[in-house]
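Work the whole structure out from these sequences, hints included.
Below are the chains, spelled out letter by letter.
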Amino acid sequence: MENKPIVTCAGDQSLFTSLYTSLAQQLPKEPMEWRRSYGRAPKMIHLEANFVQFKEELLPKDGNRALLTFPFLHIYWTDCCDTEMYKVSVKDGMLRWQSTLRLHGSVDWLIVVVESEAKKKNKTNILPRTSIVDKIRNDFCNKQSDRCVVLSDPLKESSRSQDSWNSFLTKLRTLLLMSFTKNLGRFEDDMRTLREKRTEPGWSFCDYFMVQEELAFVFEMLQQFEDALVQYDELDALFTQYVLNFGAGDGANWLGSFCATVKRWSGLLLRRPIDMEKRELIQRGEASLLDLRSYLFSRQCTLLIFLQRPWEVTQRALELLHNCVQELRLLEVSVVQGALDCWVFLSCLEVLHRIEGCCDRAQLEANCSHTVGLWTYATEKLKSLGYLCGLVAEKGPTSEDLNRTVDLLAGLGEERPETVNSLQSPYKKLNEALSSVEAFEKHYLELSHAAMEMYRAIGRMRSSRLIGKSLAEFYMKKGDPERAEGFLDDSLRSYVAEGWSLQVTHTRKQMAECQKLLQQTEDYLQTSALLAGDANLTEEERKHFYQVILTFASQAPTVALSMAAFAQLRQMQFSPPGAVVHVGAALQLELRVRCLMPVAVQVEQLAATLHFSLEQGGARGRAGGTQRRTGQGPQGQGDGVVLFPQGSPLAGAGMGASLPPALELYEMQDRSPSDSSLNSTGVVCKNMHLLLRRHDSSASLDTPTAGALPAAVAVDDGAQMLRARDITLQPGDNSILFTAPTGEPGSYTLRQLCGSVGRVQFVQSHIYPVVQYEVYSQEPQLTIEPLSDNLLAGIPQKVKFTIATGHYSVKKGDALQLSNTDSMPILHSSCCSATILSSTGELVGERALSVQSSEKVTSISLPPTPPYHTLEFQLEVLCHIPPTPFKPDIERLTNGEVRHRPKNHSQADSGMIHIDQKVSIDCPWSIYSTLISLTFYVPFKAKHSILSAGKRKYIQVCLQNVSDTNFHLADPVLTELTDRAHTSSLTRSLTHLFGSSFPQTVCSQQSVFCLWEMRWVKHLPLCLQCAFSASFAPVSASDAHTAFKPYRYEFQLDRVSTLYSLKAEILPSSGDQHCRTGALCGLEVSITRQAEPSETEGEEEESTEIEGLRTTKLMYEVVDNSSNWAVCGKSSGVVSMPVAASATHRVQMEVMPLFAGHLPFPDIKVFKYLPHSAVPAIQPDTDSCLENDTMSLLDKGLDDQGDTASIRSRGSIHSVGSGEQQRGLPMPRLEPFSPGQVFYWSQGRQVLVLPVTDDHVMEVNVT
Amino acid sequence: MAVCIAVIAKENYPLYIRSVPVQNELKFHYTVHTSLDVVEEKISAVGKAMADQRELYLGLLYPTEDYKVYGYVTNSKVKFVIVADSSNTSLRDNEIRSMFRKLHNSFTDVMCNPFYNPGDTIQSKAFDSMVSAMMVQAS
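Chains as they are written, first to last, in the UniProt record's numbering: chain A, 1 to 1263; chain B, 1 to 139.
What the hints contain is simulated information worked out from the structure, not anything from laboratory work. Just so you know, not all the hints are guaranteed correct.
No farther apart than 30 Å at their CA atoms in a straight line, the calculated lysine-lysine pairs in the DSS-like style are these [said to hold, decoys possible]:
(1) K143/A with K171/A
(2) K798/A with K1045/A
(3) K27/B with K395/A
(4) K91/A with K182/A
(5) K171/A with K29/A
(6) K87/A with K135/A
(7) K87/A with K156/A
(8) K516/A with K395/A
(9) K941/A with K800/A
(10) K27/B with K543/A
(11) K29/A with K4/A
(12) K27/B with K125/B
(13) K10/B with K686/A
(14) K10/B with K27/B
(15) K27/B with K478/A
(16) K509/A with K68/B
(17) K509/A with K27/B
(18) K509/A with K10/B
(19) K143/A with K87/A
(20) K516/A with K27/B
(21) K263/A with K68/B
(22) K429/A with K263/A
(23) K442/A with K27/B
(24) K1063/A with K1113/A
(25) K395/A with K477/A
(26) K10/B with K77/B
(27) K918/A with K800/A
(28) K516/A with K477/A
(29) K477/A with K27/B
It should be emphasised that the depicted structure is a prediction, and the values quoted were computed from it without experimental measurement.
See the structure below:
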């Protein structure tokens, strides 16, 4: 039945009937804008009307505000075209109609005059047709001429008829809307007035409800569902507010009826547009709260569905249901236990059915998120009903339960007629579900699965699991643990993964129960272990679960469980901390374990399997091992402590996965392999791969973690084990000491930790971070090192012998055999002792050492020393200084190597001569000799030189202390070596000139000069062998006399005697007393032969016989390197000297002083001039000499002032040679004399040169 | 006034959870945990582009018969959940918002503590007393 606004029709009924169809069709065709009061938005509205015959009863009496039956417009129809007829009958009828309307105060009327051509044609004599209309207008519509309309030829298909229809319809619509506006406005005003009276005592919500609902009906009638809904929402809100006020103590009388005990809980009824039953109850004021709410919601639901908003229905439904439950509680309405559950259950299903009825399947599936709440709610309610009615208990319902069920079912009343025929009505479902255990199970499972499916479909996994968990509880109640297990496991995993410890504990307890029933011993024990260590449980519960483990421990087969439940590793500590030991050494490992059990646990055995590998570290010995250790010590500790990362205690075992692991930083040092200097250093993050891994938070839900059970824990039986037996682990931290096996060299890694309690084993399959230690084996090693920086030759020096015994044990009688060398005797003192150090550097003992020397071998018998100890002792050695001067880097033993480069470069630069002394040692542990090289440095450097004064000769010896030590020097002696027979007859005396002040202290880098005059009786030998010797002792030496050691320096002097003396004289130019600058002076050089050449000398000297006279050729050269002189004319020349004593040759030259003052004489050099026939081997020397010569001439640079014409440029050997006889070979050669052979008289002489008095402008530049 | 207040880490494990009737603690844990479903749904519904200027307050997550669960997500995806009693009808949306704002401020203070390790459970006394002030006083 559809409501339409009522329009009454009076007048010609047959006329109206003929027009009715087209009118009813045409009226809603076009929308009309409805402008509304109170600023409400105008609306386009399609008008419809229910045309009824006018009756007086239809008109509302005073006070009746029913809007639904209210006639909004009254139309009077007439087709009268005859004035007479109008006057006779029609006018009367209209008058009567008008008066009736006026009586009821209705002003909404319209008179329609229908004209037809047919009628007009029949009566041609009639008055013009307008007159009737005019008359009517005149008679009735005194001011409202629009109240009368003409409809012409309505049944004809003509444009005129269409126009008239249109104008008529427009008029009709306008008038209708006007009427609506007016009447609804009045109604609303009345309604508001009524609402304002709500604080008055007699006010009743039900009455008001009816009034406002009337308005809603009208809006609904006008298809204004939105407005209609607003009316209901307002009522809803008003009622809610009253309930809340009631709760706050402000009770209204009328609410009393709603507080009555709920007797019916038949649920919502949404299949009818209007539930008249309930409406009547409300009207009568007999409705319960549930009735009112149900009715209100059913109306809202209807309107929402009209508005195509089904999802709002579900949302509102859920709110409503929650709200009702709350309101009943608030109003303290007494309800039979379970009745509300029934009501909610039925209502949920009813809403869902209603929605299903108006949506297709695809839509429903797409909007699961809106319906799933209702499904869940229904499930919950059914579950609680099931528990209430004893349908879940294993034994089935008791009689009490049955009574309760009957009561509940009674409250449902009869099934509604709408659903009687439907098989799946909520009513039937509830009835069925409560009727038997099986039916309940079926329905409950169906609902649960549906809800879970939906949750899963929309990705609400947690909600889905929660339902799953309650399903598991249900199965457990039903005694069906197999099915419960899956759900529990699923939930447990997710809780563990997300770290919700309370849920974990709770679910795990259920799991334990389930596993117990399923007799999954291992899993049950594992869960029990976890529960026993669960801090969320009470002490009693934990003890109970612990007891479970103990019970099993004494029975039946071995079970391996995860250690994580039982205890947590805290830290491990090695002693010694380096965790690197030699074979057989004691290594202890302290393990700290936090026992999670509630009481002390007796553990029969705690064992850690070891993985052994022959890593390079094991073989490389100690040094390599320690380096590795410092590089990789876990957690960067140098003290051998390994800390195990702990998950947050609240988060439980699984939290390690979601918490980022702590940074593991290590210090890294890169040292150069050669001298272990630091190249670079830095910090390395070891677990970067873990830290930088992308964390997928969504995936964490599904990762299988140690939640239920870790994958099979296998006990692996390694050959090597750390073992501790019969320990009692107290709750909390415990410390366990292991002794690590160190039998074989290699690397040991802890792999698995296993604790046994009876038959139960707790296994931790991996230990992370990695814990390992190294055992090394070392070859015995002997090193000899100097005690000081450098060993000095010539004086006793201490060297340190270090023996690292390694795996060798030094037995009594073992001895080192040092092969003696003459150059380095070993000085053994009687009191010689050795110290023995342990591998950690602790002093173990001090033993005497006996040293025995035979001719070839020095034997050092070693004290017995255990393996991996260090034996140290010192010996004094002396390295003789070789007497002859030798070149640096001479090695006395040819096959040796340089032991090490001198560290100190300054010393290297100082040119200390060093001697590498090899020592060959036979060690007891090896069949091979060990060669060890020691480098000794000669502390002194000696130089000799010969000095002459005319014929007298002097020898100077310079002794420089090149070492860092200060010495006393004594007894310097110079002796001639008389080893050659034919010179033995010579008598010479060497007189030491300044020999008074010895012994003398020679500090480091100081030099001592000694001078001797040489005298001889006959001839001086051509070659003189001399030896300088002195004794020296370090200043620090205690006993000066014994400490003095000899130093010897041998050298040879050749061609000592003076052959020529050279005398130069500078004479001022004639008439002058002094030389003047710029003036030529004469240079007279006289070369005098000093001695007869000896026989031996003659052999060497190139002499020619000319006319029986032996002559030698000399070349002289005047060189002035300081540019004081300009040599004019030839500066060099060759002279022939007769080989006879006192033969003199004079050479005149001209030189010009360039400066004034006391000028030193120019240098004059004399060379042996050897003709070309000489040995070609010396040729290069000549070349260089010639070159030097030309160069020197060039270098001199000729002065401009000089008389260039007179200067013979390029006094080259060619020109010299050209003056001589040409022998075909162009190159004669020059040979210098050895020092001492030529004596320069005028060396160091100066001559006074006066400046030129005038003609010279002195330029003075002042800056 | 709330009956349960929870702070949940980005990874969805509880950083802090406190409820007033202690005997119902487990139930609240379940409620809060389940509410994460809705929180995640709401966050993902907002869409990535709008994530920057999205409102932190998520509103009512879901009502149950007895409780109303409200949610709030910080920009770092830390979730706050407040559970209020359904019978407590005087609680307005604005009050819930201001509770969340207070909670957020206090949480920020906790995070600013240099001794607090982000990701650890919150044990700050100041935070605890602030939460206590927002809770229904257990009678």
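Hints, one by one, checked against the model:
1. Straight-line distance between C-alpha atoms of K143/A and K171/A comes to about 16 Å, which keeps the hinted pair within the 30 Å bound.
2. Restraint check: the Cα-Cα separation between K798/A and K1045/A comes to about 16 Å, which is no more than 30 Å; the hinted pair holds.
3. A distance of roughly 28 Å separates the Cα atoms of K27/B and K395/A; the hinted pair therefore holds under the 30 Å criterion.
4. In summary, the hint linking K91/A to K182/A is supported, as the alpha carbons are separated by about 28 Å, within the 30 Å threshold.
5. Of the supplied pair hints, the one linking K171/A and K29/A holds, its CA atoms being roughly 14 Å apart against a limit of 30 Å.
6. Proposed proximity of K87/A and K135/A is supported: the alpha carbons are some 10 Å apart, at most 30 Å.
7. Our distance criterion of 30 Å between C-alpha atoms is met by K87/A and K156/A, whose separation comes to about 28 Å.
8. About 21 Å separates the Cα atoms of K516/A and K395/A, which keeps this hinted pair within 30 Å; it holds.
9. For the suggested pair K941/A and K800/A, the alpha carbons sit about 28 Å apart, so the restraint of at most 30 Å is met.
10. Under the criterion of a C-alpha separation no larger than 30 Å, the hint pairing K27/B with K543/A is consistent with the structure, at around 25 Å.
11. Between K29/A and K4/A, the direct Cα distance comes to roughly 15 Å. Compliance with the 30 Å bound is thereby established for this hinted pair.
12. Taking the CA atoms of K27/B and K125/B, the gap is about 25 Å. The hint holds against a cut of 30 Å.
13. In summary, the hint linking K10/B to K686/A is supported, as the alpha carbons are separated by about 26 Å, within the 30 Å threshold.
14. Distance restraint check for K10/B and K27/B: the Cα-Cα separation of roughly 22 Å lies within the 30 Å cut-off, and the hinted pair is therefore satisfied.
15. Restraint check for K27/B and K478/A: the C-alpha separation of about 23 Å stays at or below 30 Å, so the hint holds.
16. Between K509/A and K68/B the alpha-carbon distance is near 28 Å, which keeps this suggested pair within the 30 Å criterion.
17. Our distance criterion of 30 Å between C-alpha atoms is met by K509/A and K27/B, whose separation comes to about 15 Å.
18. The hinted pair formed by K509/A and K10/B meets the criterion: a straight-line CA distance of about 28 Å does not exceed 30 Å.
19. At roughly 21 Å between alpha-carbon atoms, K143/A and K87/A fall within 30 Å of each other, so this suggested pair holds.
20. Simply put, K516/A and K27/B have alpha-carbon atoms about 25 Å apart, close enough for the 30 Å limit, and the pair holds.
21. Restraint check: the Cα-Cα separation between K263/A and K68/B comes to about 29 Å, which is no more than 30 Å; the hinted pair holds.
22. Pair hint K429/A plus K263/A holds up; C-alpha atoms about 20 Å apart against a cutoff of 30 Å.
23. Taken as a hint, the K442/A and K27/B pair is honoured in the structure, with Cα atoms around 27 Å apart against an allowance of 30 Å.
24. Proposed proximity of K1063/A and K1113/A is supported: the alpha carbons are some 18 Å apart, at most 30 Å.
25. Only pairs whose Cα atoms come within 30 Å are accepted, and K395/A paired with K477/A is accepted, the gap being roughly 10 Å.
26. A threshold of 30 Å between alpha carbons decides the hint, and for K10/B with K77/B the separation of about 5 Å falls inside it, so the pair holds.
27. About 15 Å separates the Cα atoms of K918/A and K800/A, which keeps this hinted pair within 30 Å; it holds.
28. Straight-line distance between C-alpha atoms of K516/A and K477/A comes to about 14 Å, which keeps the hinted pair within the 30 Å bound.
29. Under the criterion of a C-alpha separation no larger than 30 Å, the hint pairing K477/A with K27/B is consistent with the structure, at around 20 Å.
In this structure, every one of the numbered hints holds.
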